[in-house]
Every structure is written in structure tokens, then in C-alpha cells.
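Residue numbers (my numbering), protein chains in the order written: chain A, 1 to 361; chain B, 1 to 317.
FYI, nobody ran anything at the bench for these hints, they're computed from the structure. Each hint should be verified, as a subset may be incorrect.
What the hints assert, rightly or not - To be clear about the criterion: a stretch of chain B counts as covered by chain A if any three or more of its residues have a C-beta under 8 Å from a C-beta of chain A, and this derived list gives those stretches:
{"hint": "1", "region": "51-61"}
{"hint": "2", "region": "106-119"}
{"hint": "3", "region": "187-197"}
{"hint": "4", "region": "302-312"}
Unchecked claim - Chain A stretches covered by chain B per the calculated footprint, using a threshold of three residues with CB under 8 Å from any CB of chain B:
{"hint": "5", "region": "99-112"}
{"hint": "6", "region": "136-149"}
Glycine included, C-beta positions come from ideal geometry on N, C-alpha and C.
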Amino acid sequence: MSGPAGRLPAALSDDGGSSTQLDTHVVAAVALDDGSLAVGLGDGRVAMAPPGDTGAFRFSAVHAGACLALAVDLDGRSVLSGGDDGVLARVASDGSVDTLLACPRRWIDQVAVSRQGRWRAAATGRAVHLLAADGTSAPALEHPSTVAGLAFDPDGQRLAASHYGGVTVWPTAGSARRRPRRLAWVGSHLALTWSPDGRFLVSATQENALHGWRMRDGVDMQMSGYPVKVKSTTWLPEGRFLATGGAEAVVCWPFAGRHGPMGKPPVEAGPALGCLVTAVAGHPSRSAVAAGYENGTVLLVPLDRSLPELVKRPGNGEITALAWSPDGRTLVLGTDEGLVVRITRDWTPNRATAAARARGQ
Amino acid sequence: MTQIPVTVLTGYLGAGKTTLLNRILTDPHGKKYAVIVNEFGEIGIDNDLVVNADEEVFEMNNGCICCTVRGDLIRILGGLLKRKGLDGILIETTGLADPAPVAQTFFVDDEVRRRARLDAIVTVVDARHLEDRLADSDEAGEQIAFADVVLLNKTDLVSEDDLERVERRIRSVNPTAAIHRTQRCAIDPATVLDRRAFDLDRILTAEPDFLEGDHHHHDDAIASVCLRSDRPLDPDRFTVWLRGLLAERGADLLRTKGILAIAGQDRRFVVQAVHMLMEGGFDTPWAAAQRRESRLVFIGRDLDAEGLRRGFEACAA
Chain A
1 MSGPAGRLPA
11 ALSDDGGSST
21 QLDTHVVAAV
31 ALDDGSLAVG
41 LGDGRVAMAP
51 PGDTGAFRFS
61 AVHAGACLAL
71 AVDLDGRSVL
81 SGGDDGVLAR
91 VASDGSVDTL
101 LACPRRWIDQ
111 VAVSRQGRWR
121 AAATGRAVHL
131 LAADGTSAPA
141 LEHPSTVAGL
151 AFDPDGQRLA
161 ASHYGGVTVW
171 PTAGSARRRP
181 RRLAWVGSHL
191 ALTWSPDGRF
201 LVSATQENAL
211 HGWRMRDGVD
221 MQMSGYPVKV
231 KSTTWLPEGR
241 FLATGGAEAV
251 VCWPFAGRHG
261 PMGKPPVEAG
271 PALGCLVTAV
281 AGHPSRSAVA
291 AGYENGTVLL
301 VPLDRSLPEL
311 VKRPGNGEIT
321 ALAWSPDGRT
331 LVLGTDEGLV
341 VRITRDWTPN
351 RATAAARARG
361 Q
Chain B
1 MTQIPVTVLT
11 GYLGAGKTTL
21 LNRILTDPHG
31 KKYAVIVNEF
41 GEIGIDNDLV
51 VNADEEVFEM
61 NNGCICCTVR
71 GDLIRILGGL
81 LKRKGLDGIL
91 IETTGLADPA
101 PVAQTFFVDD
111 EVRRRARLDA
121 IVTVVDARHL
131 EDRLADSDEA
141 GEQIAFADVV
151 LLNKTDLVSE
161 DDLERVERRI
171 RSVNPTAAIH
181 RTQRCAIDPA
191 TVLDRRAFDL
201 DRILTAEPDF
211 LEGDHHHHDD
221 AIASVCLRSD
231 RPLDPDRFTV
241 WLRGLLAERG
251 ADLLRTKGIL
261 AIAGQDRRFV
271 VQAVHMLMEG
281 GFDTPWAAAQ
291 RRESRLVFIG
301 RDLDAEGLRR
311 GFEACAA
């Protein structure tokens, strides 16, 4: 059922990388500070592997049901996992599991960590639990409907929670009388992301669009035109672009100027393969996005219009998880059919073009 | 991609929904179900995987005024589909739930639509109290209007005459649902599971006693209008007419179903709608010996039977 199976080098484009076939859905992937990798699984386990693409995964049984959310914990060496058993657990690099919250008969499907502000947060239904680094928690923060997205701002000063009708932004300091700021916009708001400079907050909505707020003055911005809901977003270096899945190309909204994407069209990057981009992960230092497609393909797509690099061929299910190690050398990807692939390479821009030239393209 | 079947159980509190749910779960079928419930009933649910959810009806900000979906179901179905080995999902709604947002969720949300399939809406009604509920609430009528299967339960508590009257009343609201008389919801689960009632190719074909006549009620309750025609339809005229009708009257039209003979086409055209959300397409060819008769059913409020008939007849090629 599990363990490294060394399956299908054919799934990879050419040299390097290792594949592990599991009998479950890969829900999420994250990379830790030292380049270790973690994946959360539909069977409730969390698997961790040492840096690079050769070490074996170590599996920890964490949830009675499925893992629904995964985040790097405060120390950068362990992960937080939320599940449909109502458990929020910390999984350390040695595989040990600590339960931080247990809410029987509820789901924890949203987890956020601010390493800057030393906060953790998890949502169960309409309530958000804000946990301090010492494990103490404030009274739960209540919302008008189920919270579908959670994100700390880059400083950890504010926690945004999305729900039906908008987003509520809470100050994290001053526990007793928190006065939230409500950002209202019709419809159901889902995943949330802050721009790296904290100037913009963006939600993905049920109406197949993104909605953004400029935090200084609350100005609204609508980014629409997607055929499906946007489930994956990533910021490119210096926050110049927000790259997203949810379309047949990687859709990149320009956020560099004072007005963000207002009045500007998005840049579309990557070839249309006749299927949707389901997961994106921006390279930590290059202006390039790892893009995973519905048909199992993964490409490294540069934004400078140079040729994309093939990372994984089609097959093995839809790409559901993608993450880069902080040094930008290792990419981990996962699919809904349980394939996990790790690839360590020198992903330099010239290499992609050189490889393409060698193939006669 | 295989789609997981989802069965929705509706009915007033006390009608016997949870009894039916436990009958399905304890039947020795060897299948693994997840159960989603929106209220705590007095009866426990006999299953390993029970998810409690707050019923959250969301309006879609997409210009369609009556398009509401169930946010809780989108979220929970998305989460459940990350598990392997589930054979089906059963949703027990509250007694006061409007089935429209549940059904519309399966039309509107791309992820739910891709990975799950609304199999059928099963409505349990209490034979003794149904007429009172129809008189004093909107939900009772809506739950029958949306039903693919109606369990007329507690038949031991009323006379045969009463049963026949109640059954006629159900038929007047919904002429296409399969009606089963039960006591304590004793029924073979196969009768309510795997109905494929929302599959286009099963629309109006599974129910032999459909269309015994026009049962239109002249009050403000939910009723139905059944139309039929031997004249092949002009596809453009029909599409324009139906789209216009749904756009204008979609709030009052709860369900629409049809099998249509299109001029110059050997294949049957099938169509269904939940309020304004419509889907349709060409299905299998008409059998050689089969009469090419178009049949169209509207279930809704304040239906203008004569206007609908005229509009439909004007679509002939």
C-alpha cells in the first residue's frame, strides 16, 4: 500500500527524480526550512522525507479520516496537519505526532501559520482558533458562516478569514477586545492570499473569479474570466505577479504598481494543453512557475516567454500538490491517484532552453 | 473519472427519514457510505462516517436570481472525495430544507459536478399528516416536487381511501416520481439507490405510469403540467421558447423534464432543468417501432397550463 516503489521513471521528463506510488489522494505538499518535504494524504497520514529526492518517506498516522490541510509550523522543522476527524496535529521531523486541538465531529480544513508573528490558526465551521506559540488559545473568533480560507499577513499582525459575503480581518494582538475589519463583497469567498508586501488581500470565489482588496483604502478589484474555481495561487518573486490555476494557461495578474491589477489584463503563460491548470508553485528565486495540469503534466513555465521545461509527462491522475524547497532545487508534486514525485535539479533558466534545443525544438 | 453517487433524503421531521437512512445503512450490501446530516435527530445513525454540517444556502453572484447552492455540501463533498473506498454518499436534509439549492449545487459547482453525481432525491412523507403539511408549509410541496422517489410512509395509520387520496395529491404535484407505500420505511434499498434519476438518458423513461392526464390544481400550491405532441419540433424555436420561459418564470418552475422529437433527427433530445439551470442533449435514437412523441413536464407554482400548451405547440416544425 505504501513506501517507495520506484515506479515509472517514464513519468518524468528525463534525468533524475524519484517516484513513490501510494494508494490514496495526495492532498497537500510543503517544504521545510532545510529542504525536507512533507505530504498530507487522504488516508490521514503525513509523509516526510529528507532533503533532495533520494531519501525514503517516513509515514506518521495522524488522522482517523483524511488530512485536509497542511502548513509548515513555527519552527520550520515540523508541519501542522488538519483533518476531517477534527484534529489539529503537529508532526515533527522524527515522525512524532502531538495533538494541538481536538474538535470531535467537526472538520479542520483550514490551517495557517505566521512564523513572523508566532501564531497558528485553524478553522472549524464558523469558528477560528488562534493559538499562541506557547500553545494557549484565545476565545474562538466567530464568523457569519463557515470559514473557507485563512491567511496571516506577512508580519503576522492580521489574520484574514473568508466566508460567505466577504472576509473578516482580525488583529492578532490584544486578545480581550478584538475589533475585526469586515471586507464585504457578495458571494462565497474561499482560499485567501496576502501579497508579500501586505498591501493586497485576494480571495478566490465560488463564482470562478478572484476578488482583491487594497488594504490601505479597501478599494475592490475583481479578476474574472476563469472557467472553474481557482484552487491554487502563488506569488512570484518580489510579489510582482500573482500566478493562478483554474484556466488552461497559467494566469498571472500584475501586482507591481500602486493600483495592483486594476485596469490591467493578466499575462497568460504556458502552453494550452487542452486541460486545466490545477496547481501552481512559484519558484523561490526565478520568475517561473511550476504548473500542474488536470491530466498529470507538470511544466516549469518561465514568465519571460522562453520555452517551458517538461517536468512530468501526462498520466497518474490530476496534479493536486506542488511545492519547492526553499533553495529552489527540489520540487515535490502529488496527484489525486497517489503518485508523489521528487525532483532535485539545477533549474537554471539556460538549462531549459538548452534542453529544448537538444530536443530539436 | 468515476463519479460517486449521492442520494438526498428529504421529508418533514417525523416522517421517517432517519429510519430510512438506517434501513439503507444496515442492509447487508457490503458497501461503504458516508452520511451527511444537517440536524441531530432523536434516532442515532448507524454508520462509521457521519458528518454534521450547518445548512448554508448561498446565492450565486452570477446574475441568475434564483440560483442558490449549498456551501456546506460543496465543502464537505470536496473533502469526502479525498478519501478512497467510498461507494456512495447519503445526505439527510432538515425537515424544512428546500431541495432546490441541493440539486443546483450539482449543476453549478464544477468540482462537485466532476467527481460526484446526484443520483436521486428521495422524499419520505407521513401518510397521515401530508395534507396538513401541504396546506401549512411551502417546503412540503417543494420536497415532493423535487422527488424522484416518494416513500408514502406510515400507511398503517390511515385507511385505504385516505391513502388513495394522498397518493393522488402527490401525483398532482409530481407526476413523474415513483411512489412506494411503506410502513416504518420498510423497503428494499435497491428501490431508492442507484436510480440515476438526474442522468439525462433516464429522464422520463424509468417511470411507466407517467402522464395519466393533466392534474393541474387551480390554487396557489405546487402543481404540474404535462404536455405531449406528435408533431416534430423545430429545434431553434423550441430552444428559444424554453430558454425564454426559464429565464422569465424560472423562479416558479421547480423542475422541468422532457424527451423531444426534433424534426430531421433520429435521436431523442432530452432536457431537464432545476429552476433556471438547464441541461440538455441528444440521446439514443428512437426505436423503429416507437412512436416519436415529444413529452414535456413542468412542475411549479402558478403554472399557466394553457399558455404553456400554446407555447409548446408553436414550436412544431
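### Query
Of the hints stated earlier, which fail here?
3, 4
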